Every structure is written in C-alpha cells, then in structure tokens.
Amino acid sequence: AEIVRQCLPCFYRPYRKTRRFGAQLMDTGIGLFVITMGLVSRRSTNNAELQRQLFYSMPLLLLGLARTVSIVMIGYSQDEHEYGQHLNAFFTLGLAKLIGSLLSRLARKDIQLLPMAISLLVVHQLGLSLGLSDYVMNDELPRSTFLAANREGLISLPGFVAIYLLSIYFSRWLLVSSSSTLLTYTQIVNKLKRLLYLVIINWIMVICSAYAFGISRVTCNLGYVIWIFAIMSTMLWLSLFAVDFIINSVLPLDPMRLTDANDAEEQGTLLSNAKTKAPGNEPFIICQSLNMNGLIYFILANVLTGGVNIFFEPEERSDEASVLILLIYMLLATKFVHNLYIRGIRLA
777 AEIVRQCLPC
787 FYRPYRKTRR
797 FGAQLMDTGI
807 GLFVITMGLV
817 SRRSTNNAEL
827 QRQLFYSMPL
837 LLLGLARTVS
847 IVMIGYSQDE
857 HEYGQHLNAF
867 FTLGLAKLIG
877 SLLSRLARKD
887 IQLLPMAISL
897 LVVHQLGLSL
907 GLSDYVMNDE
917 LPRSTFLAAN
927 REGLISLPGF
937 VAIYLLSIYF
947 SRWLLVSSSS
957 TLLTYTQIVN
967 KLKRLLYLVI
977 INWIMVICSA
987 YAFGISRVTC
997 NLGYVIWIFA
1007 IMSTMLWLSL
1017 FAVDFIINSV
1027 LPLDPMRLTD
1037 ANDAEEQGTL
1047 LSNAKTKAPG
1057 NEPFIICQSL
1067 NMNGLIYFIL
1077 ANVLTGGVNI
1087 FFEPEERSDE
1097 ASVLILLIYM
1107 LLATKFVHNL
1117 YIRGIRLA
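The sequence shown begins at 777 in my numbering and counts up one residue at a time.
No lab work stands behind these hints: they were computed from the structure.
Just so we're clear, the structure is a prediction, and the values are computed from it rather than from any experiment.
Careful, some of the hints might be misleading.
DEER-style ranges, computed between Cβ atoms [as the list claims (entries may be wrong)]:
#1 PHE831 to LEU950: 25 to 35 Å
#2 GLN888 to ALA1097: 46 to 56 Å
#3 LYS885 to PHE1017: 39 to 49 Å
#4 PRO918 to ALA1018: 46 to 56 Å
#5 ARG948 to GLU1096: 29 to 39 Å
#6 GLU916 to SER846: 45 to 55 Å
#7 GLU1096 to GLN888: 38 to 48 Å
#8 LYS969 to SER846: 40 to 50 Å
#9 LEU1100 to LEU906: 17 to 27 Å
#10 SER1015 to GLN854: 27 to 37 Å
#11 SER895 to LYS969: 27 to 37 Å
#12 LYS885 to LEU1103: 40 to 50 Å
Virtual Cβ for every residue (Gly too), placed ideally from N, Cα, C.
Work the whole structure out from these sequences, hints included.
Printed below as a string of structure tokens:
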C-alpha cells in the first residue's frame, strides 16, 4: 500500500523516500524485500542448486526489463534518483539474488557467508567514502553513459548483495539451536534471548553508523544495511515473542492437563502441540496468501500503482478520494492473491 500511498497528496511527506541521506518509512521497502529473499533462500552447495537459484532470479530480471520497456513506450515518468534512468527495483532484486547465489557457491559452510558479506560491505563502504557516494548524489553530472545514467542502481548493488548473503546466514543462525523446526519451551526462550541481544547490538550500531557514515538507501551504504537489519531483527523478535511464545505457547497450555511440568519438559513438549490443541490459532488466511505469492502481490501492486498514476491523477485528489483509492487498491491486490491461495496456486 505504501507504493501507491506516496503518490497521494494525503501521504505524510516525511515518510517518502530520501534523495540522499536519511531513514524514512519508504526507504525500508527494497531492503526488507532483499532480506526476505535471503531468509527463504539457502547457500548453493552444488551446481544444480546454483542453477535453480539463477533460474529463480530470471523472472525478476525479465520483469525489470518489461517495466523499463513499458515506461519508455507509454512515456511514464520515473524518478531517476532511485535506481537511475533505466534500472528499477526488479533489476536490483534480480541482480542481488543472481550475484548473491554465485558468491554463496564459493562458501563451503554457512558460517563463511558472514565474513564474505562483511568484507563486501567494507569494500563497498570504502569506495563510497572515497568518492563514489559524491558521484552518485551529484545532480549536476550528466547521464550520458549507461553507468552515469544508472549510477544509483549499479553502485548500490554491492550493498544489496551483502544484505542477501547476510540474510542467508542469519536464517541458518536462527535455526542452529535445534535440528527440528518444533521447539520446546526452553529452546524458544533461549532463542528469544539471543535474538534480543542481537536487536540491542544492531540498534547501537545504527546510532554509531548514523554519525560515522550516515544512512543512505540510494547507495545502500553500511549504515543503511545495519539499519535494515535492526528493523528486521526487531520485527522478528516481536513476532516470535507475540505469536510463538505467548499465543502458541503460554496461552494455549492448560496447567490442569499437565500432571507433571518437569516430565513434560523432559519429554520435550512442543510448541506446535499447543498450537494444535487450541482451536482458532491457525495463521491468518491473508498472511498465508501473501506468503504463498508474495512476489505476485508485489508485482500487482506496482502495476496498480502505475494505473492509478496514469488514469486517476492522484496529485489532484482530495483526502477522501485518496483514502477510497487506497482501500480499493489494497482490496484488489489482496483479493487476487487470496483467490490464488484458495485454489492452491503458487506462482511466485
């Protein structure tokens, strides 16, 4: 909804994407999407897995190409300060997954992804500090070559690749405490503690990097990467605490059903058992629909945004009309993926 909301006059201006440095609401979108791709991906351990990951990145690149061609053909205006004249978010997502998958093939263990990503980030930040950042943000430089015309998208790419690699490693780190996806009460508590420590460290690093380097989505610098991971780790901790710990663990358990709490602990009472015992704890169907076809939802949202900008002139709409457009927009996009879900169709 934020994609189209920023086009409406009722959208709070400070939430819009920053041109140079800053941390606004709309700056989180591309970074969180790359993190999501990494969290559900894994390191390529053989050539077959690498080919599969490369195949999955092709639709994103084709969508990016289709969007660029469509924009040129219909004369739709695009803010070149985001990704450049020809590149867009689909190219960034596709190239981040493509290059990240190739680099992950070089790692023999998941732990090696961490120094690989950190090294890439350090080199990237060093280049930005030595002049690349000024080159990207200089509006007076002509866009006469492909690199100059798309300097925002190309120079920020190493940062997004690092985010992708870090996300793969983080997903492995998050699961390392148990060989099973079904955790006991003690295991989930320990995991929440470790994740909370990480959240605190991340936000301390955000404060330090904001003063040292600044936070810039345009270049995807070190400060932006740390900021995005701080947001992601905080959201993940809150969701694990609220859903897995409280709703699915503490609340459903009836102490009268457990004759001996110690025996139950020794036998490894699973949190999932509590989930199945208590009716009504199934995941929300909208969440399941979005999880099944998240990329399709993102693509449809972009298409609908273009339609709103072309046919409805959102800048001229009143607050009431803007809210109505936004509600219809969310209804159409959500209903589409919901229909796919109830039919068991998974596209992307």
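Cross-check of the supplied hints:
| no. | hint | in the structure |
| --- | --- | --- |
| 1 | PHE831 to LEU950: 25 to 35 Å | holds (26 Å) |
| 2 | GLN888 to ALA1097: 46 to 56 Å | holds (54 Å) |
| 3 | LYS885 to PHE1017: 39 to 49 Å | violated (30 Å) |
| 4 | PRO918 to ALA1018: 46 to 56 Å | holds (51 Å) |
| 5 | ARG948 to GLU1096: 29 to 39 Å | violated (49 Å) |
| 6 | GLU916 to SER846: 45 to 55 Å | violated (30 Å) |
| 7 | GLU1096 to GLN888: 38 to 48 Å | violated (55 Å) |
| 8 | LYS969 to SER846: 40 to 50 Å | holds (49 Å) |
| 9 | LEU1100 to LEU906: 17 to 27 Å | violated (50 Å) |
| 10 | SER1015 to GLN854: 27 to 37 Å | holds (34 Å) |
| 11 | SER895 to LYS969: 27 to 37 Å | holds (29 Å) |
| 12 | LYS885 to LEU1103: 40 to 50 Å | holds (48 Å) |
Of the hints listed earlier, those the structure fails to meet are numbers 3, 5, 6, 7, 9, in rising order.
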